Amino acid sequence: MDVFDNLMLGFSVAITPMHLLYALIGCLLGTMIGVLPGVGPVATIAMLLPITFNLQPVAALIMLAGIYYGSQYGGSTTAILVNLPGETSSVVTCLDGYQMARQGRAGPALAISAIGSFFAGCVATLIIAIAAPPLAEVALKFGPSEYFSLMVLGLVAATVLAHGSLIKAIAMVLLGLLLGLIGTDVNSGVLRFTFGIPELSDGIGFVVVAMGMFGLAEIIANLELKGSREVFTGKVKSLMPTKEDFKRAWPAVLRGTALGSFLGILPGGGSILAAFGSYTVEKKVSKHPEQFGKGAIEGVAGPESANNAGAQTSFIPMLTLGIPGNAVMALMIGALMIQGIAPGPQVMSEKPDLFWGLIASMWIGNAMLVVLNLPLIGLWIKLLTVPYRYLYPSILVFMAVGVFSLSNNPFDLVVMAVFGLLGYICTKLECEPAPMILGFILGPLMEENLRRAMLLSRGDPTVFFTKPISAGFITASIILLVIVALPALRKKRQEVFVEET
Amino acid sequence: MEIKSPRNFWAGLMFVAFGLFFTIWALMNYQMGSAVRMGPAYFPAVLGGLLAFLGLAILLMSVTVSGPRVDRFHFRPLLLILLGNVAYGYTMKPLGLVLATGVLVFISAFGGHEFKWKEVALLYVVLIVFSVLVFVKGLTLPFPLWPEVLGY
Numbered sequence: 021m022d023v024f025d026n027l028m029l030g031f032s033v034a035i036t037p038m039h040l041l042y043a044l045i046g047c048l049l050g051t052m053i054g055v056l057p058g059v060g061p062v063a064t065i066a067m068l069l070p071i072t073f074n075l076q077p078v079a080a081l082i083m084l085a086g087i088y089y090g091s092q093y094g095g096s097t098t099a100i101l102v103n104l105p106g107e108t109s110s111v112v113t114c115l116d117g118y119q120m121a122r123q124g125r126a127g128p129a130l131a132i133s134a135i136g137s138f139f140a141g142c143v144a145t146l147i148i149a150i151a152a153p154p155l156a157e158v159a160l161k162f163g164p165s166e167y168f169s170l171m172v173l174g175l176v177a178a179t180v181l182a183h184g185s186l187i188k189a190i191a192m193v194l195l196g197l198l199l200g201l202i203g204t205d206v207n208s209g210v211l212r213f214t215f216g217i218p219e220l221s222d223g224i225g226f227v228v229v230a231m232g233m234f235g236l237a238e239i240i241a242n243l244e245l246k247g248s249r250e251v252f253t254g255k256v257k258s259l260m261p262t263k264e265d266f267k268r269a270w271p272a273v274l275r276g277t278a279l280g281s282f283l284g285i286l287p288g289g290g291s292i293l294a295a296f297g298s299y300t301v302e303k304k305v306s307k308h309p310e311q312f313g314k315g316a317i318e319g320v321a322g323p324e325s326a327n328n329a330g331a332q333t334s335f336i337p338m339l340t341l342g343i344p345g346n347a348v349m350a351l352m353i354g355a356l357m358i359q360g361i362a363p364g365p366q367v368m369s370e371k372p373d374l375f376w377g378l379i380a381s382m383w384i385g386n387a388m389l390v391v392l393n394l395p396l397i398g399l400w401i402k403l404l405t406v407p408y409r410y411l412y413p414s415i416l417v418f419m420a421v422g423v424f425s426l427s428n429n430p431f432d433l434v435v436m437a438v439f440g441l442l443g444y445i446c447t448k449l450e451c452e453p454a455p456m457i458l459g460f461i462l463g464p465l466m467e468e469n470l471r472r473a474m475l476l477s478r479g480d481p482t483v484f485f486t487k488p489i490s491a492g493f494i495t496a497s498i499i500l501l502v503i504v505a506l507p508a509l510r511k512k513r514q515e516v517f518v519e520e521t
Numbered sequence: 018m019e020i021k022s023p024r025n026f027w028a029g030l031m032f033v034a035f036g037l038f039f040t041i042w043a044l045m046n047y048q049m050g051s052a053v054r055m056g057p058a059y060f061p062a063v064l065g066g067l068l069a070f071l072g073l074a075i076l077l078m079s080v081t082v083s084g085p086r087v088d089r090f091h092f093r094p095l096l097l098i099l100l101g102n103v104a105y106g107y108t109m110k111p112l113g114l115v116l117a118t119g120v121l122v123f124i125s126a127f128g129g130h131e132f133k134w135k136e137v138a139l140l141y142v143v144l145i146v147f148s149v150l151v152f153v154k155g156l157t158l159p160f161p162l163w164p165e166v167l168g169y
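Sequences listed follow chains A and B, in order.
The first sequence begins at 21 in our numbering and counts up by one.
The second sequence begins at 18 in our numbering and counts up by one.
Quick caveat, the hints were computed from the structure, so don't treat them as lab data.
Since we're looking at a predicted model, the values are computed, not measured.
Even for Gly, the Cβ is constructed at its ideal location relative to N, Cα and C.
Be careful, since some hints might not be right.
As the list claims (entries may be wrong) - Per label pair, the in silico range of CB-to-CB distance:
hint: 1; chain 1: A; residue 1: Phe215; chain 2: B; residue 2: Arg89; range: 40 to 50 angstroms
hint: 2; chain 1: B; residue 1: Arg86; chain 2: A; residue 2: Phe31; range: 52 to 62 angstroms
hint: 3; chain 1: B; residue 1: Pro23; chain 2: A; residue 2: Gly313; range: 49 to 59 angstroms
hint: 4; chain 1: B; residue 1: Leu44; chain 2: A; residue 2: Glu219; range: 21 to 31 angstroms
hint: 5; chain 1: A; residue 1: Ile217; chain 2: B; residue 2: Pro111; range: 17 to 27 angstroms
Model the full assembly from the supplied sequences, consistent with the hints where possible.
Following this line, the structure appears as structure tokens:
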């Protein structure tokens with residue numbers, strides 16, 4: 021069987037001591053930054069990106085991937101023990117996980133979320149192994165119009181997962197697309213929106229934007245809040261969930277895995293959307309919806325499985341199409357390009373060791389996480405008791421080192437500060453930065469494919485609706501927009517987001 | 018006309034400003050081209066127009082539907098954090114990693130709620146040791162450690 025052979029090849033690559041070590045480093049680092057609120061995988065991977073230049077491509081990707089899914093595990097620990105999302109995707113876990121901790125059941129909550137995540141990780145890895153090859157085959161036939169429509173779908177999906185107002189999210193996407201165009205226009209060689217600043221001729225670095233909008237803005241916002249965190253340190257005694265817990269959690273894990281795997285594949289989807297979706301589903305199908313928000317174990321098991329499954333399957337569009345579904349995947353593409361590998365459907369056939377090695381390492385990494393995470397819980401709790409006044413200058417130093425090392429140019433730090441300001445203003449005005457970042461990444465790609473598509477069709481815009489695959493993507497985008505705009509569902513969506521605050 | 022939702026009002030204004038800026042700047046400075054052969058102005062002008070239009074819609078919403086006020090801006094952390102980063106960038110080459118890190122740590126620590134010299138100094142020492150060991154020795158990033166004038 022093909023899948024089996026490929027996975028064997030992958031494991032033979034991933035099991036070498038060097039790669040195991042990098043997977044371990046990635047997982048530990050990922051868990052650590054996942055535990056710490058305010059440091060996300062985006063900032064961490066961005067910081068390590070210049071460094072991966074010295075590594076072999078497989079080792080670099082294995083480590084960076086480990087950071088991403090490791091952070092999903094770590095984020096839930098903070099959510100359960102401190103009621104703060106260590107990671108954005110564990111926002112939902114706070115709802116019931118923290119309540120369980122208050123009832124003295126932090127141990128089972130942590131155990132169930134780790135086991136659920138592990139199960140989801142295994143299934144999602146298998147899905148990638150089975151689904152990626154045929155998808156890459158299809159993707160090889162994609163023309164510019166298909167790529168353009170697919171990106172439209174991705175951006176629409178990104179607006180759906182944004183909090184609050186849909187129209188503001190769309191505006192943020194447009195703003196991101198525009199900011200992404202800054203720099204040299206590839207077709208004409210014209211410098212656009214550079215205002216005579218030579219540093220801008222290559223465009224604004226994505227890493228710099230992401231660190232400013234997410235990293236700096238978040239630190240500034242955190243410094244506004246006073247008050248201490250309540251950490252349930254003493255109460256993590258027995259980790260073992262009861263039989264009853266297992267009985268209630270299993271169906272939730274299964275549903276969460278299925279939903280998360282599916283939503284992760286959508287460009288713009290990924291772990292956050294998956295977690296929210298799963299919580300809503302669990303509450304809907306539960307026989308005791310009144311227990312949700314008061315420590316229902318399904319409310320932990322479902323979203324935790326979903327966000328890990330989503331994190332894993334969001335590699336599919338990146339690996340098969342070369343399209344980043346979220347900010348982390350954009351950085352992965354950056355890592356590939358640093359190594360001189362052009363992302364796209366050809367990666368699988370040209371670099372099978374890299375492709376399958378990465379996939380196999382995900383399974384190994386998940387196994388490492390479940391084994392390591394629970395015994396190390398004491399260490400992570402210690403980390404959480406470090407006061408923020410020590411933490412944030414440290415984070416700032418790491419971010420500054422990372423940004424400065426990109427090109428050894430102080431101008432990058434100025435740009436980061438500008439985006440920190442923009443990010444802070446956006447938080448105050450309730451405009452989500454995530455859709456903007458995705459727009460920023462896709463801006464130049466979209467323009468390029470739009471131009472090619474229009475050139476091929478001789479200026480006929482109906483080409484996006486007449487080609488079947490492209491029409492499918494556009495239809496899906498429209499359906500998604502209509503669904504979200506419908507009043508009944510909008511109410512539901514607001515409910516979920518209100519609960520979270 | 019009364020502003021019922023200040024958050025939406027300012028957000029709308031921001032989007033209109035960005036949208037108009039990109040459209041007008043693109044139209045004034047770059048070639049539009051045609052739909053078949055798009056010039057450098059085509060995509061930004063269209064997107065900017067769309068953005069301004071959405072901004073206008075948000076503005077209209079802000080005078081019809083009521084919403085929350087804009088939370089107070091905290092300028093102290095905002096300015097000090099941003100300043101710390103910019104200062105770090107511009108002190109790195111002349112002064113080296115050790116002093117630039119000091120600049121960043123101390124300026125940003127002033128942005129917090131409490132500032133204790135002893136604590137910040139200790140944190141600074143820890144961060145410097147870590148930076149030198151991990152970034153300069155371990156990962157061999159090409160940062161100068163000490164001020165240029167000292168001849169290092």
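Outcome of the hint check:
{"no.": "1", "hint": "A:Phe215 x B:Arg89: 40 to 50 angstroms", "verdict": "violated, 32 angstroms"}
{"no.": "2", "hint": "B:Arg86 x A:Phe31: 52 to 62 angstroms", "verdict": "holds, 57 angstroms"}
{"no.": "3", "hint": "B:Pro23 x A:Gly313: 49 to 59 angstroms", "verdict": "violated, 31 angstroms"}
{"no.": "4", "hint": "B:Leu44 x A:Glu219: 21 to 31 angstroms", "verdict": "holds, 25 angstroms"}
{"no.": "5", "hint": "A:Ile217 x B:Pro111: 17 to 27 angstroms", "verdict": "holds, 21 angstroms"}
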